[in-house]
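J.: Chains as they are written, first to last, in the working numbering: chain A, 25 to 159; chain B, 122 to 250.
Among the hints, erroneous ones may be present.
Here are the simulated lysine-lysine pairs, DSSO-like style, with alpha carbons at most 30 Å apart [to be verified]: (1) B/Lys-126 - A/Lys-103; (2) A/Lys-103 - A/Lys-44; (3) A/Lys-44 - B/Lys-126; (4) B/Lys-217 - B/Lys-126.
Across the chosen pairs, the derived CB separations fall in these ranges [stated by the list, open to error]: (5) B/Gly-158 - A/Asp-28: 22 to 30 Å; (6) B/Glu-150 - A/Lys-103: 22 to 30 Å; (7) A/Asp-127 - B/Pro-235: 22 to 30 Å; (8) A/Gly-142 - B/Pro-235: 33 to 41 Å; (9) B/Arg-134 - A/Gly-71: 18 to 26 Å.
FYI, nobody ran anything at the bench for these hints, they're computed from the structure.
For each residue, glycine too, the CB sits at the ideal point set by N, CA and C.
Spelled out, the chains give:
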Amino acid sequence: MSADVGTQLRPVVKQLTQEKIDRYAEASGDGNPLHTDPEYAASTPFGGTIAHGMLVLAYLSEMMTAAFGRAWADGGRLKIRFRGAARPGDTVTASGHVVRVTDDGRVACAVECRNQAGEELLNGEASCPSGEAPS
Amino acid sequence: MRFEKGQRFGEVRFELTPDAVREYVAAVEDGAVVALGGDAVPPMAVAAYAVRGLLSEMPLPPGSIHAGQELEFVRPVGLGETLAVTGRVLSAGERKGWTLATVELDVRDGAGQPVMCGRATLTAPVEAA
Chain A
25 MSADVGTQLR PVVKQLTQEK IDRYAEASGD GNPLHTDPEY AASTPFGGTI AHGMLVLAYL
85 SEMMTAAFGR AWADGGRLKI RFRGAARPGD TVTASGHVVR VTDDGRVACA VECRNQAGEE
145 LLNGEASCPS GEAPS
Chain B
122 MRFEKGQRFG EVRFELTPDA VREYVAAVED GAVVALGGDA VPPMAVAAYA VRGLLSEMPL
182 PPGSIHAGQE LEFVRPVGLG ETLAVTGRVL SAGERKGWTL ATVELDVRDG AGQPVMCGRA
242 TLTAPVEAA
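When you get a sec, could you build the whole thing from the sequences and use the hints?
T.: Right, here's the structure in full:
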């Protein structure tokens, strides 16, 4: 795969469950009850628990790691907005494509995560030194 | 808690132990970690543990929401490294019953060199903030 504009990154697909959200809460130390307490979360505008934004973002980072290897950890940048809530039972797909290659060789990608209904969970841009072309 | 522009948090030190990183990788089901090579830690693990450190100093009220994130990974971080995170409120305000704040985080290694930096945009219910 080349780093040409339009090149698609290989998507990462994950099935979310409450157990996985609880496990992330434990690993990350983020015990916000919006993520882990169904009774509390039911009383919020979300109506139920939602995944941590950083968990969904980790799926996107996995996609960038798979595409760019060590270069992602060695100069990678991202800027995203969370657009919707990922919920237990959702299938989350992280995807992206190359939008430009800068003069200094950075590869910039438009990135997003969507659920199984096609609803946007996050979007933004991630870029990487182009030591390695996306694979 | 209430956010105030200029407010600072940390420094909080944290170690990326093999057990902690293994727990993180399992939790996010990261199947690409081998592509990092060597003993490099997934960059989002560094971010997650940095945020964990900051949350120990600025506990967010229940119902807080992560609205946006910027991150720059300056260099790969290896297993077993001890890092330090500091945070600073860049902006804070209230709108329609919610506090909106942007918090800058800065993560450095034992030599004081930057390894990761970023900005998180957070919202929290005003009555609880």
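J.: It remains to establish, for every hint, whether it holds in the given structure.
T.: Now for the hints, and whether the structure bears them out:
no.: 1; hint: B/Lys-126 - A/Lys-103; verdict: holds (22 Å)
no.: 2; hint: A/Lys-103 - A/Lys-44; verdict: holds (25 Å)
no.: 3; hint: A/Lys-44 - B/Lys-126; verdict: violated (35 Å)
no.: 4; hint: B/Lys-217 - B/Lys-126; verdict: holds (19 Å)
no.: 5; hint: B/Gly-158 - A/Asp-28: 22 to 30 Å; verdict: holds (25 Å)
no.: 6; hint: B/Glu-150 - A/Lys-103: 22 to 30 Å; verdict: holds (24 Å)
no.: 7; hint: A/Asp-127 - B/Pro-235: 22 to 30 Å; verdict: holds (24 Å)
no.: 8; hint: A/Gly-142 - B/Pro-235: 33 to 41 Å; verdict: holds (38 Å)
no.: 9; hint: B/Arg-134 - A/Gly-71: 18 to 26 Å; verdict: violated (39 Å)
This entry does not satisfy hints 3, 9, going by the numbered hints stated previously.
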